[in-house]
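Trainee: Here's the letter readout for the chains.
Protein chains: 2
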Amino acid sequence: MLIDHLSIIGVGLIGGSLARALRKAKLVNRVTGCNRNEDSLKKAIELDVIDDYSLNIHEAVSGADVVVIGTPLSTTEKLLPKIVDSLKAGAVLTDVGSAKGSVVDAAKRSMGDKFPYFVPGHPIAGTEQSGVEASFAELFINHRVILTPLPETDSKAHQLIIDMWQAVGADVINLDVKHHDDVLAATSHLPHMLAYALVDCLAGMQEREEIFKYAAGGFADFTRIASSSPEMWHDICFSNRDALLNSLDSFSQHINQIKNAIEKSDSQQLLTIFKRAKNARDKFSESRNKSAISNE
Amino acid sequence: MLIDHLSIIGVGLIGGSLARALRKAKLVNRVTGCNRNEDSLKKAIELDVIDDYSLNIHEAVSGADVVVIGTPLSTTEKLLPKIVDSLKAGAVLTDVGSAKGSVVDAAKRSMGDKFPYFVPGHPIAGTEQSGVEASFAELFINHRVILTPLPETDSKAHQLIIDMWQAVGADVINLDVKHHDDVLAATSHLPHMLAYALVDCLAGMQEREEIFKYAAGGFADFTRIASSSPEMWHDICFSNRDALLNSLDSFSQHINQIKNAIEKSDSQQLLTIFKRAKNARDKFSESRNKSAISNE
Numbered sequence: 062m063l064i065d066h067l068s069i070i071g072v073g074l075i076g077g078s079l080a081r082a083l084r085k086a087k088l089v090n091r092v093t094g095c096n097r098n099e100d101s102l103k104k105a106i107e108l109d110v111i112d113d114y115s116l117n118i119h120e121a122v123s124g125a126d127v128v129v130i131g132t133p134l135s136t137t138e139k140l141l142p143k144i145v146d147s148l149k150a151g152a153v154l155t156d157v158g159s160a161k162g163s164v165v166d167a168a169k170r171s172m173g174d175k176f177p178y179f180v181p182g183h184p185i186a187g188t189e190q191s192g193v194e195a196s197f198a199e200l201f202i203n204h205r206v207i208l209t210p211l212p213e214t215d216s217k218a219h220q221l222i223i224d225m226w227q228a229v230g231a232d233v234i235n236l237d238v239k240h241h242d243d244v245l246a247a248t249s250h251l252p253h254m255l256a257y258a259l260v261d262c263l264a265g266m267q268e269r270e271e272i273f274k275y276a277a278g279g280f281a282d283f284t285r286i287a288s289s290s291p292e293m294w295h296d297i298c299f300s301n302r303d304a305l306l307n308s309l310d311s312f313s314q315h316i317n318q319i320k321n322a323i324e325k326s327d328s329q330q331l332l333t334i335f336k337r338a339k340n341a342r343d344k345f346s347e348s349r350n351k352s353a354i355s356n357e
Numbered sequence: 062m063l064i065d066h067l068s069i070i071g072v073g074l075i076g077g078s079l080a081r082a083l084r085k086a087k088l089v090n091r092v093t094g095c096n097r098n099e100d101s102l103k104k105a106i107e108l109d110v111i112d113d114y115s116l117n118i119h120e121a122v123s124g125a126d127v128v129v130i131g132t133p134l135s136t137t138e139k140l141l142p143k144i145v146d147s148l149k150a151g152a153v154l155t156d157v158g159s160a161k162g163s164v165v166d167a168a169k170r171s172m173g174d175k176f177p178y179f180v181p182g183h184p185i186a187g188t189e190q191s192g193v194e195a196s197f198a199e200l201f202i203n204h205r206v207i208l209t210p211l212p213e214t215d216s217k218a219h220q221l222i223i224d225m226w227q228a229v230g231a232d233v234i235n236l237d238v239k240h241h242d243d244v245l246a247a248t249s250h251l252p253h254m255l256a257y258a259l260v261d262c263l264a265g266m267q268e269r270e271e272i273f274k275y276a277a278g279g280f281a282d283f284t285r286i287a288s289s290s291p292e293m294w295h296d297i298c299f300s301n302r303d304a305l306l307n308s309l310d311s312f313s314q315h316i317n318q319i320k321n322a323i324e325k326s327d328s329q330q331l332l333t334i335f336k337r338a339k340n341a342r343d344k345f346s347e348s349r350n351k352s353a354i355s356n357e
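Chains as they are written, first to last, in the numbering used here: chain A, 62 to 357; chain B, 62 to 357.
Think of the hints as simulated: they come from the structure by calculation, not from any bench.
Take the hints with a grain of salt, since some may be wrong.
Identical chains share a label here; the pair holds if one copy fits it or two copies do between them.
Keeping only pairs whose Cα atoms sit at most 35 Å apart, straight-line, the calculated DSBU-like set for lysine-lysine is [stated by the list, open to error]:
1. Lys-325 to Lys-143
2. Lys-274 to Lys-175
3. Lys-239 to Lys-274
4. Lys-139 to Lys-325
5. Lys-149 to Lys-104
6. Lys-325 to Lys-169
7. Lys-85 to Lys-320
8. Lys-217 to Lys-344
9. Lys-239 to Lys-103
10. Lys-87 to Lys-274
11. Lys-344 to Lys-149
12. Lys-104 to Lys-336
13. Lys-320 to Lys-217
14. Lys-85 to Lys-104
15. Lys-239 to Lys-104
16. Lys-143 to Lys-320
All values reported here derive from a predicted model rather than from experimental measurement.
In isolation and in its complexed conformation, chain A is listed as follows (with noise of 0.2 Å):
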């Protein structure tokens, strides 16, 4: 048995997902989940996700070896301090939130000597649906999940949160915080900020209508990340504050530059531009398709 005892603090599409798959693989003897909403957690009992649960923050975390904290990242900030006396001794801590600069600072001001036992950790997997409604066992199979350990960090602990990512099907990778935190405010939170502008851009149009009526399959594909929960990213945007600004103002160069281009009709600098971006774009096509492990 991997885990004897797993809780579960945030029961939606992520933390449900893992339980699943480890209660499917055998790999969890029991699994305690803990949610504000206690509708949430019947569905997860009635959908055989959790074993029991516990509105009580204190009440969930005690006795577990392993707490996985699925929550928004403004939230996991807020409860690190809350549950961290209730942890018990060499009890590892783990959270799935996509920035990890702002979740290490807190972990690291609030945690004391129970800090090296927080493995901080990202599963790249998701889809545009929350709720642990949405979740299912398969989710991070041939995903990335990347753990971002710290010098300090109790070298068992991070095996047994790679255990646990591995046992689900995951590719682990580990990273340096602030690169994960740069990596991802480019590939993943900048993009989703592109897909909200251009959104709300067009539905304030007003053509809206008829442009959501003839947008053809790239725009649907180039905006479903628009309807991402904008709660997390609004979270999200404030955890990764400086990483993201400077991800936009790099990008508004580059727009700008095409906008120029346009603008005093330099055909050059325009093809330059745009070959360089599809050079780029098909080698990273052709890197995934070489590449056994897929994102999609």
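Got chain A sorted already, so can you dock chain B onto it with the hints?
Mentor: Leaving out everything else, chain B in the frame of chain A:
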């Protein structure tokens, strides 16, 4: 027989797919191709896409009942004045360009009393591939084709082009020229600029190797369109210059609202934007799911 002799100028993905579909449905007697590059025409013969070809554009269009110009926009605008004298009386001419104002202007200037036989068209279909090798008969099934006939357009010519596209499975819609260009600037041309700018931005970053390595599925969807033909998009930018520049300005305002909200820690404003965008995107998905016609 819908069309006795069809001439396709630019036998690529679009022109080739149209020829394949019409031949498959036995709605055309003879298809003549014309490209600058003889190898691609030999390939088109080999793939049974066309019956014969000519490298001489005058020869290629003379005698044709319908001429489809499938070249990039700037080429189409240059070809119109060249071929007009070689068209036989009553021959119907159409194009497949993603912007219509500039082509219509070019046709008006050069076609004289043959202008009523020009039916401007835009099939909203395609892949990131190009060339006759990528063409296939099913490309247009359940895809929209927008026609932008003018008051001068001959009604029989218009009907023939409607019939041609419907025969290959498309859903044909008629729109005003300017309306088409505004709507397409917003839903297609702007997103392509964002994808090119995003990929160019990331490819220029120091961490570019990790960026492309750790990018997840959403990024692949979001940037796929940056693999499209640089030459084609270069032409679209200049052909639909004003509408595209307006869209770019409007987008910049919206992305700056998000940036300002993050900078000023304005939670409420950020949540409002994200919720408004999610709401619009969810409605778009619903209306697409309800519709019998899919553009995916």
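Trainee: Could you place Lys-239 and Lys-103 in one of the four classes (within, between, both, neither) given a Cα distance threshold of 35 Å?
Mentor: neither (38 Å within a copy, 55 Å between copies)
Trainee: Treating 35 Å as the Cα threshold, decide for Lys-344 and Lys-149: within, between, both or neither.
Mentor: For Lys-344 and Lys-149, the Cα distance exceeds 35 Å both inside one copy (48 Å) and across copies (47 Å).
Trainee: Check Lys-85 against Lys-104 for me: Cα-Cα at most 35 Å, and say if that holds within a copy, between copies, both or neither.
Mentor: within (18 Å within a copy, 53 Å between copies)
Trainee: Measure nothing new, just compare the shortest in-copy and cross-copy C-alpha distances for Lys-325 and Lys-169 to 35 Å and report within, between, both or neither.
Mentor: between (52 Å within a copy, 26 Å between copies)
Trainee: Should Lys-87 paired with Lys-274 be assigned to within, between, both, or neither, using CA atoms and 35 Å as the limit?
Mentor: between (48 Å within a copy, 32 Å between copies)
Trainee: Is it within a copy, between copies, both, or neither that the alpha carbon of Lys-139 lies no farther than 35 Å from that of Lys-325?
Mentor: between (51 Å within a copy, 21 Å between copies)
Trainee: Within a copy, between copies, both or neither: which one fits Lys-104 and Lys-336 at a CA-CA cutoff of 35 Å?
Mentor: Answer is between: at 26 Å across copies they meet the 35 Å cutoff, but 51 Å inside does not.
Trainee: Between copies, within a copy, both or neither: which fits Lys-239 and Lys-104 at Cα up to 35 Å?
Mentor: neither (37 Å within a copy, 52 Å between copies)
Trainee: At most 35 Å between alpha carbons: which applies to Lys-149 and Lys-104, within, between, both or neither?
Mentor: Intra 28 Å, inter 72 Å, cutoff 35 Å: intra-copy only.
Trainee: With 35 Å as the alpha-carbon cut-off, assign the pair Lys-85 and Lys-320 to within, between, both or neither.
Mentor: Neither: 52 Å inside a chain and 43 Å across chains, both beyond 35 Å.
Trainee: At most 35 Å between CA atoms: does that hold for Lys-320 and Lys-217 within a copy, between copies, both, or neither?
Mentor: Neither way: Lys-320 and Lys-217 sit 53 Å apart in one copy and 41 Å across, limit 35 Å.
Trainee: When no copy is named, should Lys-274 and Lys-175 be tagged within, between, both, or neither for a Cα gap of at most 35 Å?
Mentor: For Lys-274 and Lys-175, the Cα distance is within 35 Å only across copies (33 Å; inside one copy 55 Å).
Of the numbered hints stated above, those contradicted by the structure are hints 7, 8, 9, 11, 13, 15, listed in ascending order.
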